[in-house]
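Participant: What follows is each chain in one-letter form.
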Amino acid sequence: MTKSKIIVSRRTLLKTGLAGVATVAAPTFFIRDAWADDFCNMPKGDTVTFGFNVPQTGAYADEGADELRAYQLAVKHLNGEGDGGMLKTMKPLALKGNGVLGKKVAYVTGDTQTKSDAARASAKRMIEKDGVVMVTGGSSSGVAVAVQSLCHDAGVIFMAGLTHSNDTTGKDKRAYGFRHFFNAYMSGVALGPVLAENYGKDRAAYHLTADYTWGWTQEESIKNATEQLGWKTIKTVRTPLGAGDFSQYITPVVNSGADVLILNHYGKDMINSLTQAVQFGLREKMANGKKFEIVVPLFSELMAQGAGDNIKGILGTANWDWKLTDDATKTFTKSFGAAYGTPPSQAAQTCYVQAILYADACERAGTFNPTEVIKALEGFEFDGLGNGKTLYRAADHQCFKEVLVVKGKANPKDKYDLLEIVKNVPAADVTYDPAIFGGELGSSAAKKCG
Amino acid sequence: MDAILLQIMNGLDKGGAYALIALGLTLVFGTLGVVNFAHGALFMLGAFCAVAMNKFLSYETVVVDPTQLTPWGSPLEIRTPYVQALLGDWGKFLIDYSVPVSILLAIPVMLIISLIMERGLIRFFYKRPHADQILVTFGLAIILQEIVKQFFGANPIPQTAPSAVSGSLAITSAISYPYWRIVYFLFSLGVVAAVMAFLRFTTFGMVVRAGTQDRETVGLLGINIQRRFTIVFGLAGVVAGLAGLMYTPIVPPDYHMGMDFLVLSFVVVVVGGMGSLPGAVLAGFLLGILQSFASMNEVKSILPGIDQIIIYLVAVVILLVRPRGLMGRKGIMES
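So the protein lines, in turn, are chains A and B. For the first sequence, my numbering begins at 1 and goes up steadily by one. For the second sequence, my numbering begins at 1 and goes up steadily by one.
There's no promise every hint is true.
Below, a sample of chain B positions facing chain A; criterion: calculated Cβ distance under 8 Å [as the list claims (entries may be wrong)]:
#, residue
1, Gln7
2, Pro66
3, Trp72
4, Ser74
5, Ser163
6, Ala164
7, Thr172
8, Ala174
9, Ile175
10, Asn224
11, Gln226
12, Val251
13, Ser295
14, Ile306
Ranges between beta-carbon positions, derived for each pair [claimed, not checked]:
#, chain 1, residue 1, chain 2, residue 2, range
15, A, Asp130, B, Phe151, 27 to 35 Å
16, A, Lys290, B, Leu319, 46 to 54 Å
17, A, Gly45, B, Ile306, 39 to 47 Å
Subject to a maximum C-alpha distance of 30 Å in a straight line, what follows is the list of computed BS3-like cross-link-like pairs (lysine-lysine) [as the list claims (entries may be wrong)]:
#, chain 1, residue 1, chain 2, residue 2
18, B, Lys55, A, Lys124
19, A, Lys413, B, Lys92
20, A, Lys312, A, Lys413
21, A, Lys415, B, Lys92
In case anyone wonders, no lab produced these hints; they're calculated from the structure. Quantities reported herein were computed from a predicted structural model and do not represent experimental measurements. Backbone N, C-alpha and C fix where the C-beta goes; we use that ideal spot for every residue, glycine too.
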């Protein structure tokens, strides 16, 4: 029997070894960058960056300041710092309090200036220069619609802040955009019956409306809701955003034949228009044999603070209020109050929740790939974030939850105790067919950075 | 009828602001021959004198009361303004009246700022073309705006009228009008009358008027006309500042408010006649009222958006038909 003997020289061994390593490594070498470019701004280091795009100047700057505080608190909680906030109450919860998918959360901020073009420029800078994986924030629907469209085109998820126009998740909805805040349609449906109970069904309304997407859809929704009650609409007048002096718009109301003034204004515009309407004596006026009333369909604690005594007895709706008695609200209010010395506004709550929901969706999806994150958010049902059981509807990326009808408190205990909750309208009552507002989500396929 | 009355009153308070700014603008143009685009910034600086006074008077002492808790579980902070802690009811009164009280601060501050502006920069541009004057004063206005933005932020800061005049006056059974707007109208009339009287009935005013007509001759009489014109510039700054200060309870001031008023006030000056004081006042009130009427629903239903352009339309017509303005001197703007 002959034994075959393979003799391998040291040089041959080295050559063969190197060739083998090169062969095995080659596919990885060629596809490494392809993986990185699968979607825009894939986090590569040990941090993931969120972009907080909020109004730091302009008519909605107060809301923006509170949004930023909420985001900073959310980042702390996501990174396992502080008291954990609503991570302790959210159900179901995939987050572990160690960042997102093991990466610490970092953030950059931008100023939307409450202007669409400035907001888009700021979001673009965050996406292209700062490499954010998600953009969130804003307190204007005009801004939300503009930034949502930009983010969709860039392939970066946009978690809208305070935006109340029907268009955001209606005709202008996008696959990459998600809204937790309620909308003008829901305000109309929730507020209508309460207006009828308080002011009767024979009323003549005069609308002053902020002249941009939110104002238009709110006017339409409230007009439809009140006309269904039997109210007449005397006139609808558009006012420029940030007008400051509304006297020229308020004085024509006096002899218009209206007995209700509906202010479709928000933020400082609402503070100014309501204050000036009261200064012009509208609340003491009698018209058509009835006491003249003012309605502010959307308001918040921040606006109530600015409007002072003028807000007393005024009816409106809110997305959330820090005086709700559920555990999540109490926990968040305690956490926010301890950090900043004031209770959170509804703008703060919706932004905090949006940051947490995005992070949780990444954790559940097991990736930052937006296509998978979108799938994780669509149809997600959750509880323990302050609004009871909530659904992120897949068809339009709109959250459905309870809506609050609120009233300016007659005898507040302190400067934060300004609103009282008149009614909790169940989610089922404000749910609607997504087809009524039209629009298309478009593709949720991942996109490479442009 | 009520609607017409309301629009007239609305026009009067807005016209009051236009008139006061235009008065200063035309005074500076008439004496120094300078087109001052920084004049709106003086209006804004006056408004921020009210903000600064309010912040000063509202500065608080903080006492933590561990026996009381906030809804979020922290010990309650009891905040009391220093002035109130120190002076009791008198302190409360000062805070309540912070807008009128701030006039005492605004007069010297505006005078000093205006004099520095004139001596430090504008005097070097007396003999330069109007385009140079516009460019340099516009730049100055932007610098002043940014300084205010750095100190006070970019957001409007609401100021309240004293509680005694925060309500409204019933004009007829159907309409009422806010007291403070009436106060503002009366204030603007008072300031206009005071400035006119100062220029008409004092020796200083007589010299200034003579200098405006013939600067060289007045100079040959041994009078330092330049010094008097510098004081007139200071006076114009004080008038603009007080106009801005008293306007703060009507529209919350922000760093940009001067620019918003400036453009309209220049139109007022052009319509009234460059260099004409009565013309500026008359045009201020007229255009204020016209703008107010243009915003009536009955008018807007025929001419949508007319309220936004009416003042400029009037200016175009005036420039075409009577370039020297309603009460301008013959020859000015006509060459």
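Participant: Which hint numbers doesn't this structure obey?
Facilitator: 2, 5, 6, 7, 10, 11, 14, 17, 18
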